[in-house]
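Enquirer: Since chain C is already given, all that's left is putting chain G on it; use the hints.
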Amino acid sequence: MNFSKLILIMVTFSIFFVSCTNDDNNSDTPLGSYDNGFLILNQGGFGHNDASVSYVSADFATAQNDIFSVVNPSITLGDTGQDVGFNGDLAYIVLNGSNKIEIVNRYTLKSAGAISTGLKNPRYIAFANGKGYVTNWGDGGVATDDYVAVIDLTAKKVSTSIPVEEGPEKIIANSGKLYVAHKGGYSYGTKVSVIDATSNTVSTTITVGDVPESMEIKDGTLWVACSGNPSYVSTPLVETAGRIVKVNLSTNTVSSTIAYSDATKHLSNLVLNGSDVYYTIDSDVYKMSASATALPTASAFSTTSQGVYGVYSFAVHGSHIYVGDAGDYTHNGKVYVYALTSPSIGSLEKTFSVGVIPAGFYFND
Amino acid sequence: MTLRKLLFSLFALSCQFVSAQNDYINNLKEVVVSDRTLYSSNKSQSIQVLNDSVINKNQSSLSNLLNYNSVLYFKEYGRGMLSTVSFRGTTASQTAVIWNGINVNSQLNGSADFNTFTAPDFNTISIKAGGGSISYGSGAIGGTVHLSNDLVFKNKFENDLRLDYGSFNTVGVNYKLVLADKKWSTQLGFSRNSSDNDYPYVNQYTWDGVQRKNENGQYATTNLYANIGCKVKPNSVITFYSQSSNTDRNLSLISEFDSKTKYVNTFSRNLLEYATTKDRFSSNYKVAYLAEQYQYFENIESKDFSFGKSESFIAKMDLGYKITDFIKLNGILDYNRTKGFGTSFGDNTRQIGGIAVKAVEQHNEKWQNELGFRKEATTDYESPFLFSLGSSYKFNSFYNLKFNVSRNFRIPTFNDLYWETGGNPDLKPESSYQVEVGNVFTYKKFTLSETVYFMKISDLIRWAPLDGSNWTPENIDRVNSYGSETNLSWGNSYGKNNIALNASYAYTVSENLETGEQLIYVPYHKLNSNVSYSYKKISAMYQFLFNGAVTTPSQKYHLVKEYWVSNLGAYYDLGTKSTYKIGLQALNLFNQNYQSISQHYMPGRNFLINLTFKF
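So the protein lines, in turn, are chains C and G. Residue 205 in my numbering sits at position 205 of the first sequence, with consecutive numbering throughout. In my numbering, each residue carries its 1-based index in the second sequence increased by 365.
Keep in mind that the hints were calculated from the coordinates and are not lab data. Keep in mind that the hints are not guaranteed to be accurate.
Below, a list of computed lysine-lysine pairs in the BS3-like style, where the Cα atoms sit at most 27 Å apart [what the hints assert, rightly or not]:
{"id": "1", "chain 1": "G", "residue 1": "K693", "chain 2": "G", "residue 2": "K759"}
{"id": "2", "chain 1": "G", "residue 1": "K861", "chain 2": "G", "residue 2": "K809"}
{"id": "3", "chain 1": "C", "residue 1": "K246", "chain 2": "C", "residue 2": "K218"}
{"id": "4", "chain 1": "G", "residue 1": "K740", "chain 2": "C", "residue 2": "K156"}
{"id": "5", "chain 1": "C", "residue 1": "K177", "chain 2": "C", "residue 2": "K110"}
{"id": "6", "chain 1": "C", "residue 1": "K120", "chain 2": "G", "residue 2": "K793"}
{"id": "7", "chain 1": "G", "residue 1": "K861", "chain 2": "G", "residue 2": "K926"}
{"id": "8", "chain 1": "C", "residue 1": "K156", "chain 2": "C", "residue 2": "K246"}
{"id": "9", "chain 1": "G", "residue 1": "K578", "chain 2": "C", "residue 2": "K120"}
{"id": "10", "chain 1": "G", "residue 1": "K668", "chain 2": "G", "residue 2": "K596"}
{"id": "11", "chain 1": "G", "residue 1": "K704", "chain 2": "G", "residue 2": "K627"}
{"id": "12", "chain 1": "C", "residue 1": "K120", "chain 2": "G", "residue 2": "K668"}
{"id": "13", "chain 1": "G", "residue 1": "K810", "chain 2": "G", "residue 2": "K901"}
{"id": "14", "chain 1": "G", "residue 1": "K578", "chain 2": "C", "residue 2": "K157"}
{"id": "15", "chain 1": "G", "residue 1": "K681", "chain 2": "G", "residue 2": "K740"}
{"id": "16", "chain 1": "G", "residue 1": "K704", "chain 2": "G", "residue 2": "K625"}
{"id": "17", "chain 1": "G", "residue 1": "K519", "chain 2": "G", "residue 2": "K979"}
{"id": "18", "chain 1": "C", "residue 1": "K120", "chain 2": "G", "residue 2": "K627"}
{"id": "19", "chain 1": "G", "residue 1": "K578", "chain 2": "C", "residue 2": "K110"}
{"id": "20", "chain 1": "G", "residue 1": "K578", "chain 2": "G", "residue 2": "K926"}
{"id": "21", "chain 1": "G", "residue 1": "K519", "chain 2": "G", "residue 2": "K548"}
{"id": "22", "chain 1": "G", "residue 1": "K651", "chain 2": "G", "residue 2": "K693"}
{"id": "23", "chain 1": "C", "residue 1": "K157", "chain 2": "G", "residue 2": "K625"}
{"id": "24", "chain 1": "G", "residue 1": "K627", "chain 2": "G", "residue 2": "K548"}
{"id": "25", "chain 1": "C", "residue 1": "K156", "chain 2": "G", "residue 2": "K793"}
Small disclaimer: the values here were computed from a predicted structure and weren't measured.
Extracted from the complex, chain C is given alone in its bound form (with noise of 0.2 Å):
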C-alpha cells in the first residue's frame, strides 16, 4: 500500500515541521527607577502598533529603550504615540492611532489604567483645575467635530467635551485656562482658542497666523510660533513664512508679531529658556533674545553633519539641547544632546540610540 504510507510520510513531515526562530525576548529589566533623567516618546510606524517610551538618566550614563513594555509585559502601548503630560506623580502617555490614553507612573512606568472612550484621533494633553483636557481631532476628514476632551481624573474618565475649531493641537494651561492651538488637522488653521477650565466653554478665539504650531507662556504673555503655510497648500491658499507672536493674555489679543520675509521659512518647535528664545528651522537651530524684534537670520548652530533631515522633536533643558531625529521615519531614530554655552551652543556631547520617530523630550526630575 504506497499511498497510505505517502500520506503518513507527509503528516509526520508536516506535523514535525520545527520552528527555526525563537521568540524575540526583551531581556532587559525593569530599572525600578526611572527618577532623575527623562522620557522620550517614541512615536511608532502609523499601524505598526510600536510606540514605545525611552529613558535617559540626566549624567546620561544609563539608558534603556522600550521601558512601558519592560515595566508592563502584558500590555501594548498601542499605535502612534502623540503626547506625554505629566500630573503629579502620574504620565498620560496619548496614543493617537489606537484612541486610548495610557497612565503609568511617571518615576516607575507601572501602569495605573487606562483611558479608551471618549477619544477620537487623540493629540495632546494639558492639565487645569484638577482636570486633564486632551485635544482631539474626531475623524481627520471632518472639520466641525473636533473637540477638547475634559477627563475626570479619578475616575478616568472623558467627563465632558468642548467643541472648537479643527485642527486642535498643542495644548497649554495658564491660571485656570487653557490655550489650543489649531495648527489645523489636515487643513491650516489660523487661531488659538480660550478654554475657561470652570466653566468648560471656549472664552474666545485669538487669530495669531498660519499653522500655530508651538506655544509657551511667560510673564502673562503667550508666545506662539506659526510654521506658515507649506510650499505643497493647494490654491487659494499660498506659502506664507514663518512668524513669531506674542498674545497679551490681560487682553487676549495680538502684541507683537515677528516674521521672516522669505515665505520658504517655516519655524517650529518654539522654546523659552531664561531670557532666550529658542526654535528651529528645517535642520537648524536658531536663538534670539526675548526682547528682539525681528528673527535672526543665522542659525546658532546646524544639526546636519549628525545627518538631520529635520528636526523631529526639540527641548531645551539645564544646560543642553535636546532634538529628535526621525531619520527615515522607519528605523529606529535618534537622540543628539547638545551644548546649551559650554563649551559653545551646538557642540555635540551624547548620541543616543531611541525608537522609531522619536516625538518628545519630558524631564523627570
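Expert: Relative to chain C, chain G alone:
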C-alpha cells in the same frame, strides 16, 4: 517501485516539495480561451494551471487558492482583508493579474488585491512565473496570474451552484450557468462571499484577561459576470467578457480602541474581442474598458469618504503571419488611455502607445524558440526597450530544458506621479533583467520541475521623507532577487483508490543592494503541498502551507515568525447522474496562532461546509 520510494523519500528529506502542476487537458477545438497564446508561445517559461476541479476544492478567495497551491507568497492584513503578493521576491506591484488576457492591476497603486477576486468565477487560473512584460505589460516582473473564462462551443446546458457556510458566519454563494451550442456560448455567473469575521485570536488576551478577537473585520465580495461568444464563421469568433465586482470591507483593528474604518473597492471590466484566422494569417482585435474605484471611510458610522478612480480604454491589434510551417510572426499595436482622479489627486490622463513584435519558431517537435520585443511611448516618462528570448528543448520524454532571458518593467502609478502632496512627475519606470533556467522531469506519473532564476531590478520606486517631512516617491532602490522554484506532482490509481500529490517549494533571496538586507515581507522559504485521495464517491484532501519568517518595517516587531497551517477537507458525492457533493473542511486544523502581516492575526481552527450542485 523501489525507485519511486527512493525518489520520494529523497524529496521528503530535502524539503523540496510541493507544488503542483496540474495537467492542462482541454480540448481546444471546443474551447475558446481568451488568451490563446499563453500556453503555445511561452514554452520557455513554466506555467502552472489550476483547473476548475482544483478551484472548487479550495476556499473561494483567489488569495487562499494561490496561497495553498502555488509558490506565490501572500501578505494578508487579516482574513479577507487586503492581500497582496510577492512573486520571486518582488514587490506587490511587480506581479500582474491578467483577466482574460488584459492586465487589470490597479492604475492607482500598481498592485492587485487578491481578496477582491473570487476564484470560482473563473474556469482556469494559471500562474506564469517570470517576466512577461512583452505580452502583458507593466508589472509582469515576478510573474503573472491569469484568470480565464473559457467558452465552450458544443451543446451544453449546465448549472453550477456552490454554497458555503462556515465559522464566523461565513456565507458563500457561487453560481454559474453555461448555455452553449456549436455557434453560441454563454456563461453567466454570480457570486457573493461574506463573513462577520469576528474570530478569536488564538491564545491572545488583553492585559485584564479578556479574549482578543478580530474586530471590525466584516467583509462581503460580490461579483457578476457575463461572457458571450459567437462563432460567426468556423474560424472567426467574437467574444465579449464582462465582470462587475464590489468588495465592501471594514478594516480589522490592530488594537481594541482603534478608529473603525472601511474600504469599498469596485471594478468593472469589459472586453470585446474578434479573432479570425485565414490561411497563414491570423488577426485578433481587442477593445476593453476597465474602471476601478476605491472609497475609504475614515469612520464607518459616517457617510464621508475619500476616493480614487481610474477609467481605462484599451485597444489592441495583433496580426499574425506564418512565414513557414514552423515560424510564426506576430506584430502587435496597442493603445491605452487612462484617466485617474480622486480626493488626493487632480484629474490626470495618461496615454500609452505600444508596439511589439513576437516570433515563435517551432523548430521541431522537441525544440521551440521564442523571441519578442516591445517598446512603449508615452508623454509621462521614458519607457525602456523590452525584450524576451527563450527556448525550450525536450531531450526525451523524461527531460525538458527551458531557458529564458527578458527585460521587464513596472510603470509609475497615478499615486506615484500625482498624489497630493508628494507625487513625483519625474519618476522613471522600474525595470528588470531576468534570466531563468527550467528543468522539467517526467517519469511515469511524476512530474518534477525545477527552475532557477536571477533578476536584477533597478529604479525601484520608494516613498521616503526626503527633506524631513515631505514624503515623495523616488527611483531609489536596486534589488537582486534569485532563487529556485520546485514543483512536484504525482498521481496514481490503485483499483478504486486515486491519490494525487502536488507540492511546491520556493527558495527566495531578494536583497536590497544598498543595505544588503533581504526585502521586508519576503520569506526565504515557502513550502506547500496538497494530497488528495478519492475512493468511489468519497474524497479527501489535506493541504499544508509553510511560510518562513519575514522581516517587517517595524523595529519593535521586526519579525513575523514562520508558520505552518494545515487544512483538511472531506467530500461525498450524493448524486448519480449529476453532482450533489457535500464537503466539510477543517481549516487551520492544528489551531496555529499565526500572522501574515505583523499585528494582524489570522483565525485559529475553523470549519466550512460546502454543497456543490451540478445539474
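Enquirer: Now tell me if each hint is right for this structure.
Expert: Right, here's what the structure says about each hint:
The straight-line distance between the Cα atoms of K693(G) and K759(G) is roughly 20 Å, inside the 27 Å bound, and the hint therefore holds. Of the pairs offered as hints, the one joining K861(G) and K809(G) holds, with about 19 Å between alpha carbons and a cut-off of 27 Å not exceeded. With a C-alpha separation of about 10 Å, the suggested pairing of K246(C) with K218(C) holds against the 27 Å cut-off. About 65 Å separates the Cα atoms of K740(G) and K156(C), which puts this hinted pair outside 27 Å; it is violated.
A threshold of 27 Å between alpha carbons decides the hint, and for K177(C) with K110(C) the separation of about 30 Å lies outside it, so the pair is violated. The straight-line distance between the Cα atoms of K120(C) and K793(G) is roughly 40 Å, outside the 27 Å bound, and the hint therefore fails. With a C-alpha separation of about 42 Å, the suggested pairing of K861(G) with K926(G) is violated against the 27 Å cut-off. For the proposed pair K156(C) and K246(C), the alpha carbon gap of about 35 Å is over 27 Å, so the pair is violated.
At most 27 Å may separate the alpha-carbon atoms for a hinted pair to count; K578(G) and K120(C) meet this at roughly 21 Å. This hinted pair does not check out: K668(G) and K596(G) have alpha carbons roughly 48 Å apart, beyond 27 Å. Annotation: proposed proximity of K704(G) to K627(G) holds, straight-line Cα distance about 25 Å (limit 27 Å). Restraint check for K120(C) and K668(G): the C-alpha separation of about 17 Å stays at or below 27 Å, so the hint holds.
This hinted pair checks out: K810(G) and K901(G) have alpha carbons roughly 21 Å apart, not beyond 27 Å. For the given pair, K578(G) sits about 24 Å from K157(C) by alpha-carbon distance, which is consistent with the 27 Å threshold. As the CA atoms of K681(G) and K740(G) are separated by approximately 14 Å, the hinted pair is consistent with the 27 Å bound. At roughly 31 Å between alpha-carbon atoms, K704(G) and K625(G) are farther apart than 27 Å, so this suggested pair is violated.
For the suggested pair K519(G) and K979(G), the alpha carbons sit about 18 Å apart, so the restraint of at most 27 Å is met. For the proposed pair K120(C) and K627(G), the alpha carbon gap of about 16 Å is at most 27 Å, so the pair holds. A hinted pair counts as satisfied when its Cα atoms are at most 27 Å apart, and K578(G) with K110(C) qualifies at roughly 26 Å. Of the supplied pair hints, the one linking K578(G) and K926(G) holds, its CA atoms being roughly 20 Å apart against a limit of 27 Å.
Annotation: proposed proximity of K519(G) to K548(G) holds, straight-line Cα distance about 8 Å (limit 27 Å). In summary, the hint linking K651(G) to K693(G) is supported, as the alpha carbons are separated by about 20 Å, within the 27 Å threshold. For the proposed pair K157(C) and K625(G), the alpha carbon gap of about 21 Å is at most 27 Å, so the pair holds. With a C-alpha separation of about 45 Å, the suggested pair K627(G) and K548(G) falls outside the 27 Å cut-off, and the hint is violated.
Distance restraint check for K156(C) and K793(G): the Cα-Cα separation of roughly 53 Å exceeds the 27 Å cut-off, and the hinted pair is therefore not satisfied.
Violated hints, in rising order: 4, 5, 6, 7, 8, 10, 16, 24 and 25; the structure is consistent with all others.
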